[in-house]
Amino acid sequence: MDTLSALPATPPDGGTAAGCFHCGEPLPPTPPMVEFDGAPRPFCCPGCAQAAAFIRDQGLGDYYQLRQREGSRVAAGVDCSVWDRADLLAEHSRALADGSREITVLTDGMHCAACAWLIDRALRREPAVDDVQANAITGRIRLRWQPGRQHLSALLSRLTALGYTPQLAPGADLEAARLRERRQMILRLGVAGLGMLQAMMFAEALYLDFDRQMADPTRDFFRWIAMLVSTPVVFWSGWPFIAGMLREFRLRRLGMDTPIAGSVLLAWAASVVETIRGGAHVWYDAAVMFVFLLLAARAIEQFARRRANAVVEQLGRARPVLARRVRADGVLEAVPLAALEVGDVVQVAAGDAVPADGRLLDTGEFDESLLTGESRAVVREAGDTALAGSHALSRPVRIEVTGTGQSTRLAQLVRLVDAAQNARPQLARAAESLSGRFVVGLLLAAAATFAIWLQVAPERAFEVALAVLVVSCPCALSLAVPAGLAVAHGTLARIGVLSLSPDAIDSLARVDTVLLDKTGTLTEGRPRIVAEQACGALSIIEARSVAAALERASGHPLAAAFVDGAEHERCAASVEVHAGLGVSGTVGGREFRLGRADFAAAAADDGAIWLGDGRHPYARFELSDSLRPDAATAIEDLQRAGIRVEIASGDAEPAVAAAARALGVSHFQGRMSPEAKLQHLRDLQADGRCVAMLGDGINDAPVLAGADVSLAMASGAAVAHRAADMVLTGTRLERLPQALAVAARTRRVLRQNLAWALAYNAIAMPFAATGLVTPWLAALGMAASSLLVTFNALRLARVPAAANPAVAATSAAIPSDPPVARPTIAAAAARSDHTAAPLPEPCR
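Going by our numbering, the sequence shown opens with residue 3, and the numbers climb by one from there.
Since the hints were made in silico from the structure, they are not lab data.
Glycine is no exception: its CB is placed at the ideal position from the N, C-alpha and C atoms.
Accuracy of the hints is not assured; some may be wrong.
To be verified - Pairwise CB distance ranges (calculated):
#, residue 1, residue 2, range
1, Leu253, Ala352, 53 to 61 Å
2, Leu91, Ala799, 36 to 44 Å
3, Glu93, Gly644, 22 to 30 Å
4, Gly644, Thr772, 45 to 53 Å
5, Ala539, Arg642, 49 to 57 Å
6, Gln457, Leu196, 22 to 30 Å
7, Gly385, Glu677, 32 to 40 Å
Between the sequences and the hints, there should be enough to build the whole structure, so can you do that?
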């Protein structure tokens with residue numbers, strides 16, 4: 003590394019065009035040079051040059067011949083001292099018996115086996131390192147070292163100097179457990195596959211002895227070898243089924259594992275008996291084939307479930323494990339997330355994940371696709387909310403922490419998705435119950451078949467009964483619904499629709515009418531004042547300040563429309579929300595009301611927001627908001643699918659009518675109270691309609707609870723979320739028709755799976771009972787049936803495209819109605835062409 007200064011600052015001919023010798027990045031006008039393999043090599047920065055010099059001096063130059071792509075650029079100024087914190091080591095590393103410690107770190111720069119080779123060789127040269135295992139596929143590095151001899155920060159500084167910036171590996175224990183489970187499944191499947199091939203080979207020799215000319219010692223030899231081969235398959239590869247049967251016995255209920263394990267054990271045990279006594283038939287081939295094919299079906303099912311659960315895993319890994327906190331003196335310090343507190347200021351570098359929910363101190367661009375399903379970057383201004391799990395783009399930003407740990411939106415989403423995927427819907431419970439009853443019937447049918455054949459042909463009684471037991475095993479019936487629902491939940495979560503109710507998907511598939519709220523649902527929820535007029539003793543600035551205080555204390559987003567022009571921030575006391583009317587409270591010792599004209603100012607309702615004391619008006623405000631850009635497209639997609647769309651809003655009739663015209667909705671009603679909305683919903687249901695309700699506010703909670711299936715906007719009130727069956731995590735309404743398409747397709751797939759499972763058993767059992775199906779053929783048919791329903795369920799993983807990709811230009815502003823219709827949600831509306839009603843006398 004000391005050769006840097008001894009080399010010329012000019013690259014050889016063509017060196018600049020070739021890029022950095024280490025990472026391939028463009029070169030500066032005078033790049034640093036390092037002699038490598040007898041020739042000077044150019045580098046983009048001193049860090050890459052130092053890394054190459056170290057690789058050369060340590061005799062690791064083969065790295066540059068073995069690698070499949072350029073290395074990562076060496077980051078400058080990376081402080082690894084945080085890795086020596088006692089709390090971090092206690093949480094993310096473990097102490098071993100010999101006094102050493104072990105930690106797993108993650109790096110994004112490990113691209114190929116050569117990278118893993120370099121990391122392994124470089125770290126093993128450090129005196130305190132006992133063992134290193136670098137995995138180029140997962141990007142994980144498992145490091146075991148002696149902390150008494152060398153700090154972890156020194157080891158990771160060496161790793162950083164090679165261009166591999168370390169990060170804590172989130173969920174290392176879970177990942178290790180999952181890896182062990184996957185390896186064990188592969189090993190079980192491999193043993194079963196080899197055993198099946200060998201057993202089938204020996205069985206073929208026995209089957210081909212049509213004329214019984216094989217000598218008894220040879221026949222017995224094949225049988226004993228088949229027994230030795232099949233025993234580990236039955237008792238080790240097939241142990242998951244045997245353990246499941248024992249568990250079902252303890253719980254005193256019959257499930258899928260009972261006939262599986264029972265069939266395998268019966269076939270193996272009967273074959274052993276026949277082998278010992280020299281009987282006519284053995285069924286080792288059927289037993290091992292049964293185990294192998296069922297293990298293959300279970301492995302594919304687990305793959306489907308892991309794919310569906312990938313959303314939960316991505317959400318769980320979305321937050322970084324370290325944050326860069328800004329100290330009071332302006333110095334940055336890296337701390338674990340557990341050390342963050344509300345009020346701390348953190349800096350998020352460009353490309354990094356936001357560690358906690360907070361208020362932006364700088365304007366920035368963010369990728370929120372994991373949280374909202376929206377793939378396009380969004381720009382957030384200073385003062386806006388930044389969500390944990392989103393990624394800062396293009397520039398670093400500072401964030402004042404407002405929520406950490408389990409109080410972040412990300413943690414709430416993880417809980418919602420996890421609860422939804424672990425729920426057991428009614429359809430799944432029905433299929434499980436049917437499967438349990440079917441097992442009882444299957445066992446009785448097998449016993450009856452054995453008894454009948456014992457009278458007709460005793461030598462075939464066991465074989466035929468075994469074929470009945472195997473061919474009609476209700477594996478496909480048990481997998482038909484759970485596999486499909488698991489994949490469907492994952493698909494919905496990927497498009498930004500979280501299912502909170504176990505039966506939401508089935509209900510959504512039957513919907514023929516969609517009831518939409520307007521304010522904050524069809525509109526963006528970013529109101530602004532477009533006209534204002536003072537009345538009485540208050541100036542317009544004072545009136546706006548009072549209105550902002552009332553709205554802010556009620557948690558109403560309308561406060562943002564008043565704050566910009568407020569003279570100073572005031573506080574409101576005794577604030578009360580009047581659903582369908584407005585808010586009231588005390589500001590500066592005086593009673594005020596804000597809302598509809600008849601509520602706040604004893605005047606005729608004109609669709610504007612009034613400030614008054616209930617008897618006299620003080621100010622009149624007209625607010626505007628914009629329709630969501632994709633609102634018209636979403637409604638068009640719903641109508642094209644044959645769904646009736648209605649708007650039910652508490653806003654004034656003219657504003658609702660204007661929005662309905664802009665969106666192409668012919669059925670709408672305004673000035674609806676929560677009770678009126680619920681009654682309208684009941685009327686639709688009485689007409690035989692299956693109604694889905696999409697809303698966001700407190701006064702939407704009753705109708706959300708009463709709908710056949712209800713959906714709430716993620717930005718809505720918590721009470722709306724509790725009343726809803728689903729939550730739209732993003733702002734794009736096109737998720738609604740996509741969710742309906744997923745639900746309809748899920749219903750079709752589940753029906754297909756159930757129909758196939760029942761039809762297969764109805765057809766296969768008579769053939770087996772009449773002796774036309776051998777046990778090994780029965781195992782093949784049963785496994786094929788299970789695989790068919792699983793692969794059919796995997797079709798649900800495809801995300802449906804929006805029916806109409808074009809986005810209508812419907813963002814024109816329309817006067818908003820008072821906040822009364824949205825007590826705690828943004829009141830927004832669309833532009834109406836009507837003329838406002840004449841103002842009461844005090845405002846003239």
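Tested hints:
1. Checking the proposed 53 to 61 Å range against Leu253 and Ala352 shows it holds: the Cβ atoms sit about 54 Å from each other.
2. Roughly 40 Å separates the CB atoms of Leu91 and Ala799, a value that falls within the hinted 36 to 44 Å.
3. Restraint check, Glu93 to Gly644: a C-beta distance of roughly 54 Å breaks the suggested window 22 to 30 Å.
4. Our hint of 45 to 53 Å for Gly644 and Thr772 holds, since their Cβ atoms are close to 47 Å apart.
5. Evaluation of the 49 to 57 Å hint for Ala539 and Arg642 yields a pass: the beta carbon distance comes to about 55 Å.
6. Taking the beta carbon of each, Gln457 and Leu196 are about 40 Å apart, not inside 22 to 30 Å as hinted.
7. The hinted range of 32 to 40 Å is satisfied by Gly385 and Glu677, whose Cβ atoms lie roughly 37 Å apart.
Of the numbered hints stated above, those contradicted by the structure are hints 3 and 6, listed in ascending order.
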